[in-house]
Amino acid sequence: MSDIEILQKNYETFTTVLQKLENKSLIDFVEELGDDLVMSPAAAQKDEYGCFSGGIIDMALKLSQSMRKLDMVAGYNADVESIYKVAFLRAHAECGDSKERMFEPHDSDWHIEKLGLLYKRNPKLNGTTWTTRAIEIATVKQINLTSEEVMALLTAANEHPYNDLARLLKSANTLLVK
Numbered sequence: 013m014s015d016i017e018i019l020q021k022n023y024e025t026f027t028t029v030l031q032k033l034e035n036k037s038l039i040d041f042v043e044e045l046g047d048d049l050v051m052s053p054a055a056a057q058k059d060e061y062g063c064f065s066g067g068i069i070d071m072a073l074k075l076s077q078s079m080r081k082l083d084m085v086a087g088y089n090a091d092v093e094s095i096y097k098v099a100f101l102r103a104h105a106e107c108g109d110s111k112e113r114m115f116e117p118h119d120s121d122w123h124i125e126k127l128g129l130l131y132k133r134n135p136k137l138n139g140t141t142w143t144t145r146a147i148e149i150a151t152v153k154q155i156n157l158t159s160e161e162v163m164a165l166l167t168a169a170n171e172h173p174y175n176d177l178a179r180l181l182k183s184a185n186t187l188l189v190k
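Per the numbering used here, the very first residue in the sequence shown carries number 13; after that it's consecutive.
Among the hints, erroneous ones may be present.
Said to hold, decoys possible - Calculated lysine to any residue pairs in the SDA-like style (CA-CA distance at most 20 Å, straight line):
hint, residue 1, residue 2
1, Lys182, Glu60
2, Lys32, Thr158
3, Lys153, Pro173
4, Lys21, Ser78
5, Lys36, Tyr23
6, Lys153, Glu112
7, Lys182, Lys36
8, Lys182, Glu112
As the list claims (entries may be wrong) - Here are the simulated distance ranges between beta carbons:
hint, residue 1, residue 2, range
9, Gln31, Ser120, 33 to 43 Å
10, Val85, Thr158, 18 to 28 Å
11, Gln57, Asp91, 27 to 37 Å
12, Lys21, Glu43, 17 to 27 Å
13, Met84, Leu33, 17 to 27 Å
14, Val92, Asn170, 17 to 27 Å
15, Gly139, Glu116, 17 to 27 Å
16, Thr158, Ser120, 35 to 45 Å
17, Lys32, Glu171, 13 to 23 Å
Source of the hints: derived by calculation from the structure; they are not laboratory data.
Ideal placement from N, C-alpha and C gives every residue a C-beta, glycine not left out.
All chains, please: the whole structure from these sequences, using the hints.
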């Protein structure tokens, strides 16, 4: 399967799941991102997971799939919509916030060849974490989150996640490998 076919298949899978969630604000946000979302990498350096066109969508799908499997094994019985919403927001937060994009193609051959930095990070987003950006996106784009979803996004990167949904997100995030 070619890279374009993989991008297309992942996007179709992603939008199918998104439509099933019936979350208008999340659907509107994804539609607003358009092609930028389809082409966005999830990382800047080639040895990091998601450093390729379509990395964000791939990450969102892998996170949600892993979270669902882990939920079954752990017996948490997490809400399926919450799993997808949290996984999708976590992945989108790698792409930037509600206004700024995180990555653009690198224009320095030296950085690409010597350091493997295929993309430049947006300096306007320095000092922000994916957790901060995920909550900012949800707030600005009026994507309603439950208390459990907010705490999952805020604490999944912590040593001791706050709730089962956060534990699922943290574990699924750890499973992401290139």
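Outcome of the hint check:
| no. | hint | verdict |
| --- | --- | --- |
| 1 | Lys182 x Glu60 | 17 Å, holds |
| 2 | Lys32 x Thr158 | 18 Å, holds |
| 3 | Lys153 x Pro173 | 25 Å, violated |
| 4 | Lys21 x Ser78 | 18 Å, holds |
| 5 | Lys36 x Tyr23 | 18 Å, holds |
| 6 | Lys153 x Glu112 | 13 Å, holds |
| 7 | Lys182 x Lys36 | 26 Å, violated |
| 8 | Lys182 x Glu112 | 25 Å, violated |
| 9 | Gln31 x Ser120: 33 to 43 Å | 40 Å, holds |
| 10 | Val85 x Thr158: 18 to 28 Å | 23 Å, holds |
| 11 | Gln57 x Asp91: 27 to 37 Å | 34 Å, holds |
| 12 | Lys21 x Glu43: 17 to 27 Å | 19 Å, holds |
| 13 | Met84 x Leu33: 17 to 27 Å | 19 Å, holds |
| 14 | Val92 x Asn170: 17 to 27 Å | 24 Å, holds |
| 15 | Gly139 x Glu116: 17 to 27 Å | 18 Å, holds |
| 16 | Thr158 x Ser120: 35 to 45 Å | 44 Å, holds |
| 17 | Lys32 x Glu171: 13 to 23 Å | 34 Å, violated |
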